[in-house]
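Enquirer: The lines below spell out each chain.
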Amino acid sequence: MIVDCALYRDGSRVQGDTDYRALRARARGADDFVWIGLHEPTEDEIADVAEVFGLHPLAVEDAVRAHQRPKLERYGDMVFVVLKTLWYVDERDAVETGEIAMFAGHDFVVSVRHGQGNELHSARRALESSHQVLGHGPGGVLYAVIDRVVDEYLDVVDELVVDVDEIETSVFSTDRTNDSARIYVLKRELAEVRRAVLPLREPVARLARGDVATVPEKARPFFRDVADHLARAAETVDSLDALLSTAFDAHLAQISVQQNDDMRKISAGAALVVVPTLIAGIYGMNFTHMPELGWTYGYPFALVLMGLVAAGLWALFKKSGWL
Amino acid sequence: MIVDCALYRDGSRVQGDTDYRALRARARGADDFVWIGLHEPTEDEIADVAEVFGLHPLAVEDAVRAHQRPKLERYGDMVFVVLKTLWYVDERDAVETGEIAMFAGHDFVVSVRHGQGNELHSARRALESSHQVLGHGPGGVLYAVIDRVVDEYLDVVDELVVDVDEIETSVFSTDRTNDSARIYVLKRELAEVRRAVLPLREPVARLARGDVATVPEKARPFFRDVADHLARAAETVDSLDALLSTAFDAHLAQISVQQNDDMRKISAGAALVVVPTLIAGIYGMNFTHMPELGWTYGYPFALVLMGLVAAGLWALFKKSGWL
Amino acid sequence: MIVDCALYRDGSRVQGDTDYRALRARARGADDFVWIGLHEPTEDEIADVAEVFGLHPLAVEDAVRAHQRPKLERYGDMVFVVLKTLWYVDERDAVETGEIAMFAGHDFVVSVRHGQGNELHSARRALESSHQVLGHGPGGVLYAVIDRVVDEYLDVVDELVVDVDEIETSVFSTDRTNDSARIYVLKRELAEVRRAVLPLREPVARLARGDVATVPEKARPFFRDVADHLARAAETVDSLDALLSTAFDAHLAQISVQQNDDMRKISAGAALVVVPTLIAGIYGMNFTHMPELGWTYGYPFALVLMGLVAAGLWALFKKSGWL
Amino acid sequence: MIVDCALYRDGSRVQGDTDYRALRARARGADDFVWIGLHEPTEDEIADVAEVFGLHPLAVEDAVRAHQRPKLERYGDMVFVVLKTLWYVDERDAVETGEIAMFAGHDFVVSVRHGQGNELHSARRALESSHQVLGHGPGGVLYAVIDRVVDEYLDVVDELVVDVDEIETSVFSTDRTNDSARIYVLKRELAEVRRAVLPLREPVARLARGDVATVPEKARPFFRDVADHLARAAETVDSLDALLSTAFDAHLAQISVQQNDDMRKISAGAALVVVPTLIAGIYGMNFTHMPELGWTYGYPFALVLMGLVAAGLWALFKKSGWL
Amino acid sequence: MIVDCALYRDGSRVQGDTDYRALRARARGADDFVWIGLHEPTEDEIADVAEVFGLHPLAVEDAVRAHQRPKLERYGDMVFVVLKTLWYVDERDAVETGEIAMFAGHDFVVSVRHGQGNELHSARRALESSHQVLGHGPGGVLYAVIDRVVDEYLDVVDELVVDVDEIETSVFSTDRTNDSARIYVLKRELAEVRRAVLPLREPVARLARGDVATVPEKARPFFRDVADHLARAAETVDSLDALLSTAFDAHLAQISVQQNDDMRKISAGAALVVVPTLIAGIYGMNFTHMPELGWTYGYPFALVLMGLVAAGLWALFKKSGWL
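Residue numbers (this note's numbering), protein chains in the order written: chain A, 1 to 323; chain B, 324 to 646; chain C, 647 to 969; chain D, 970 to 1292; chain E, 1293 to 1615.
The hints are simulated quantities; they were obtained by calculation from the structure and are not laboratory data. Heads up, a few of these hints could be off.
[To be verified] When the alpha-carbon atoms are kept at most 27 Å apart in a straight line, the in silico BS3-like pairs for lysine-lysine are as follows:
id, chain 1, residue 1, chain 2, residue 2
1, A, K265, B, K641
2, A, K265, B, K642
3, C, K964, A, K319
4, C, K964, E, K1557
5, D, K1234, E, K1611
6, B, K641, D, K1287
7, B, K642, A, K318
8, E, K1557, D, K1234
9, A, K318, C, K964
10, D, K1288, C, K911
11, E, K1610, C, K911
12, A, K318, C, K911
13, C, K964, A, K265
14, B, K641, D, K1288
15, E, K1557, D, K1287
[Claimed, not checked] If you want a taste of the chain C side facing chain A, the calculated C-beta under 8 Å gives, among others:
id, residue
16, K717
17, R834
18, N932
19, G940
[Claimed, not checked] Which bits of chain A does chain B cover? Going by a derived footprint, with three or more residues having C-beta under 8 Å, they are:
id, region
20, 69 to 79
21, 174 to 185
22, 239 to 252
23, 263 to 269
24, 281 to 290
25, 293 to 306
Small disclaimer: the values here were computed from a predicted structure and weren't measured. Glycine residues also receive a C-beta, built at the ideal position from the N, C-alpha and C atoms.
Modelling step: build the complete structure from the supplied sequences, incorporating the hints.
Expert: Here it is as structure tokens:
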């Protein structure tokens, strides 16, 4: 589906029109360019766009099929970029992923989006209001989209930081919680984020270094900024992952400590019952000569004896921390 | 065994003939080449082929002996590639491996296959129907075979993703499962895949970079695509491996939690029996003066007392989550 | 807020004045420079400073927003440095973080500080008393601030060394301590320190290598010294982290050993009660012919028998180390 | 001790003679060379050889003292190589190590061997029958020896693969085995192999790259082949080590699972005894009015009741998988 | 404190004198040099030496303050080296550390030592008796001292190998040992050694590569030898560390296995008591009609029954390995 298509000149949107053939024909100025945005295009749609803008078949194939790795490839003077998009679904505490592929030549940008999240419409609107960035041409569009995507990485990472904090609280609470499943899920989501972030670092570094002709000299600091954000996301993810591993070990330690505490309490509780049982057994013996048995207060004496022994054990265990 | 042998010219199959001597003699055009496919050849077969095409003895030795490492080596203007092939056997949830060795000169390709899976016949048919790729000559054949093999890596990896998902479900189910053996087997298979994928990355990178004369300039993007698939396979394997390690730890944690739960239930159950036993012991004492013993309803009273105590403990344990 | 602002010439403070426009106008000598220090400036304050000194908008944005990664970036002949500051809060055994951003051109330094700790006032005073370092111009200011910040890293690391020593003592004491939460917190703080230290290494290395024009040749050994301190901080943090991991494992082992000891003690204690109970049960049997029952000293005999059996078991368990 | 000493010319052994002075004097042709093989030489023997062939004192010292690291060093146009030799002692399932040091100049090879295994005699015989390799001169001798040593690495690794398979079977058997000691020993042996293999990779890579003048251009593919075998050994060792770690964790998990199973069985067994004991206690109470006590079949009734309760519990536990 | 000071010429000690000013004035020959050895000098002492030999203030500061990182720095044509010294204190099975700093110019060496161990006196004596090494001038002194220090690293590592062997024996003995504290301490000491060894590798590599003018061409093989010893020390430490981690895991496994064994023994022991108690309970019941109670040998029968049951259980448990 063609979401939007427009001609840009001197840092401004000149004309929006889904007839990209006509728009491209009009893009005759040195800095003119067309930006066509597609969302999950059909084979036919992309084939036609590919023909008009001369896109390389391998890149087109990658753009249509989802589940690609983030990457940047040059085909002649055209650059092809694949990004993973991430967003956090609050209801399910889950990270979801989508994909954006972009083709940028000297006079056009084709963006292809897969998945629900991270629509590019607002990115385009924001870009259209910034003459400085839009003035960088297709390189500016690349920057605007990548910057938007990477900012969302940072949002997702911030949510995960909150999740890790919650797990941490849960692990070290005195409640008997079973946090292993939640830690596992979170580790899995960190792996998801890592799969989006890590392979993107090299493409962004190349854009910042100026390996790519489409990106003008003065646009490079912008990509350095993006590279920096990516590095921050990657470092935070690594550090969260390490923390989760430690939290997991701590969880195991807590279980062990609780197990030990439980065992001591159980055995102390058993002692409170077993020793009086021995006393009862003694006074249940059938010896002919057992003076206590004839005492008027023999029975209350035995009960009090049991009570005292139990109380004494209780005090002993309390003092030694077993109860 | 010679599986197939043909002369290719201008991106088309010209003539199939097992007499490779004759075919090679006819391959006089600049872009002509012969592709001979062998399956577990005898010493004599390979020796004759080696003589006709001038293959280096060390490479021939490697091609005949299975269990080589994936690699690419240049002998003069000839290139020698070894690949591990992988396929997933559904019945046994197992990954099996085979091997393909290829010699590519400017006018010939010799492919040698070991093991049952990954026959090359369909790869050859697919290639013969693609003039574009076949037009790249021996480099195109290299691409077609490596691409086919790497696509099968991705298939195997997808199956392993499913296996990991199953283990995950099993680990976090409330059933008392013993998943350690299955996790171990899966880790072993991931190691197998890694042994196929990782060493292949450098050869493919060299083919994509144009280190190898046999691969024409315009064929390089195809190898970059393969390199990308390899990277994806490697990343997925690494991430599955890390997930399995976490799943394993979670499995250990689950066992500990269950052990603790069991212990608490056991001790609670014991308490339900031991306290009434004490009461019975008390009324089994032989004191002369025990008023209850003479009561008409002394016996039912004792039974009810036992029942009440047991019920009280039951309620207490239920409330505190011990039962 | 403008904290301090002054003109420096020939290694000495010439004039302090918050009117930085006027000061910059006066800085006409080859080695003259202005140093303006800001603390959490408002958008307007930084915007005005940025205009006067011609700071790049991306760098200004980074300087205003906290939570940046340590980094060094060059914009033309200007260099922009971001540092994390660390300090140790004794009361809470916690590491806190702040941030300093610095812009250094050939004739000015703008420093922007976030957070409570690590004020730069004393660094400025120390610098003003050192003609040698101040004579290096803006590069000298960079050095003085970074050196100060890195020295505080080393102080924080020293405090953490003490904390790790305490945990170590606690883990291997015979007390039943639950050290996992504390180890976790410490690991988290080490991660905080690492996030400040590691990304700073590359910027300092670049300053030491002379990549940055603002740093004169003869100032480089000073940055090599800082790089060395950073390396020491990083190595100590890594080594503490590894020690904590080992301490954690040792903590787990201690819990296991204690659990085993407790279990043996419990079972030994139980034996001391259960065996006499069996004896009491035997003499509670109702056989017509039980000679002991008729003995005059049958009852004391039974009690002594119970006592001897218990004492015998006690001695046995003591000897075998079970009690 | 001088094991063998001979003059080689044009790929053939010309003359064997322990008088290496004389032999060297005769080695006047461009491709002539002397190969002298020593086994644990005395100080005097090696000193004399060193003088005749002009060996560097540091290298000589390394050759005499065992326990060196595998390495390659150039002294002028002479190359000095140290190798660790490995062999597997079946009786003790152990890996043993020795050492070979080699000096190679343009017209001589001095090999010095330590330890019992890996004699070089058969390597020399094999080499003498291969004119192609021997024709490469001292470089060919280097190749023949290193190839022989590395092939033995692969043999040792194959034995270790078998050992790991055995441990794997043992860990996942239902027998109660204590595999930790065996896993430890195997990890130790893998470390031994790694210490031989890893440092050798760089020297062999240098020989394959042609850094060393003694190795002629056409001999390099042979060293690339050795490098490949080394890589295979290293990868297998790494992968075995990772598998052993997983097997170890699985072993721990098995112990935990068994512990849990045992605990459940024990508690179930206890319940089968404790509940009848409670019944016996009840009928041992001394109430005046206990109708059952007067029943003619009261005693059998009580016994049957106990039996039924025990059987009921047994069935319950069987059904719930506790027994 | 000035420990020794002398002038060296042509590989020989010419004159010892603590008046280093005078000595330096006499060192006019091309290869003359002065070596002054200091031990924990006062500020004044080092300041005077620094003035005489023109030492850089930053280096002097590092030399006076202990706890520096091993490093090599060049100031003009002077080189400054910091080394950590290690020695093993047998009584306490502990590794202690000291420090040596050295300044080497073309005509002088200043060595500054901190800590008790590793005196340099014997190194100087050994050096003075070796004309070859002393003939390399200040570079020779550097070599002699570094070689001495690194040889002591190897001694320390050898002691640690012994310690690891002892722990290994202890872990796998059948004794109930608590080895975690000892493993922890040893890991800590390995970290100490690593902190001395690892950062020294790069300086020694630079000396071996000839980056440093003070080291003449023909002295480089000596530093390559030192680099080799360092690599050996580093590899051994890494391998010991990995072994200790495995030993630790094995220790945990042993505790678990013992815990399981203990639990089985305890429960078996309990069964031997609990089942006879049930029998006693049965014969303590008060039924009117219990034939056994009237038997003449009823009592011995009951005792024998108890004994038989206990013996039967014992045999059963023995057979199934529970006792």
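Enquirer: A separate judgement is required for each hint: does it hold in the structure or not?
Expert: Hints, verified against the model:
1. Simply put, K265/A and K641/B have alpha-carbon atoms about 17 Å apart, close enough for the 27 Å limit, and the pair holds.
2. Our distance criterion of 27 Å between C-alpha atoms is met by K265/A and K642/B, whose separation comes to about 17 Å.
3. Of the pairs offered as hints, the one joining K964/C and K319/A holds, with about 23 Å between alpha carbons and a cut-off of 27 Å not exceeded.
4. Taking the CA atoms of K964/C and K1557/E, the gap is about 17 Å. The hint holds against a cut of 27 Å.
5. A C-alpha spacing of about 17 Å is found between K1234/D and K1611/E, which places the hinted pair at or below 27 Å, so the restraint holds.
6. For the suggested pair K641/B and K1287/D, the alpha carbons sit about 24 Å apart, so the restraint of at most 27 Å is met.
7. A threshold of 27 Å between alpha carbons decides the hint, and for K642/B with K318/A the separation of about 23 Å falls inside it, so the pair holds.
8. Pair hint K1557/E plus K1234/D holds up; C-alpha atoms about 13 Å apart against a cutoff of 27 Å.
9. Simply put, K318/A and K964/C have alpha-carbon atoms about 24 Å apart, close enough for the 27 Å limit, and the pair holds.
10. The hinted pair formed by K1288/D and K911/C fails the criterion: a straight-line CA distance of about 34 Å is larger than 27 Å.
11. In summary, the hint linking K1610/E to K911/C is supported, as the alpha carbons are separated by about 23 Å, within the 27 Å threshold.
12. Between the alpha carbons of K318/A and K911/C the distance comes to roughly 17 Å, so the proposed pair stays at or under 27 Å and holds.
13. For the proposed pair K964/C and K265/A, the alpha carbon gap of about 23 Å is at most 27 Å, so the pair holds.
14. Proposed proximity of K641/B and K1288/D is supported: the alpha carbons are some 23 Å apart, at most 27 Å.
15. At roughly 23 Å between alpha-carbon atoms, K1557/E and K1287/D fall within 27 Å of each other, so this suggested pair holds.
16. A distance limit of 8 Å between C-beta atoms decides the matter here; for K717/C the minimum to chain A is near 6 Å, and the interface restraint holds.
17. A cut of 8 Å between beta carbons decides the hint on R834/C: the least distance to chain A is about 6 Å, and the hint holds.
18. Because the beta carbon of N932/C sits about 7 Å from the nearest beta carbon in chain A, less than 8 Å, this interface hint is met.
19. With a cut of 8 Å, the hint placing G940/C at the interface with chain A holds, because the nearest CB-to-CB distance is about 5 Å.
20. Residues of the region 69 to 79 of chain A with a Cβ under 8 Å from some Cβ of chain B number 4, which satisfies the need for three, so the listed coverage holds.
21. For a cut-off of 8 Å, the count of residues in the region 174 to 185 of chain A with a CB near a CB of chain B stands at 6, and the three-residue condition holds.
22. With a threshold of 8 Å between beta carbons, the proposed coverage of the region 239 to 252 of chain A by chain B holds, since 3 of its residues qualify and at least three are required.
23. As drawn, the region 263 to 269 of chain A meets chain B at 3 residues by the rule of a beta-carbon pair under 8 Å; at three or more, the given contact holds.
24. Look at the region 281 to 290 of chain A against chain B: 6 of its residues bring a Cβ nearer than 8 Å to a Cβ of that chain, three or more, so the hint holds.
25. Only when three residues or more bring their CB closer than 8 Å to a CB of chain B does the claim for the region 293 to 306 of chain A stand; here the count is 10, and the claim holds.
Checked against the numbered hints given earlier, this structure breaks only hint 10.
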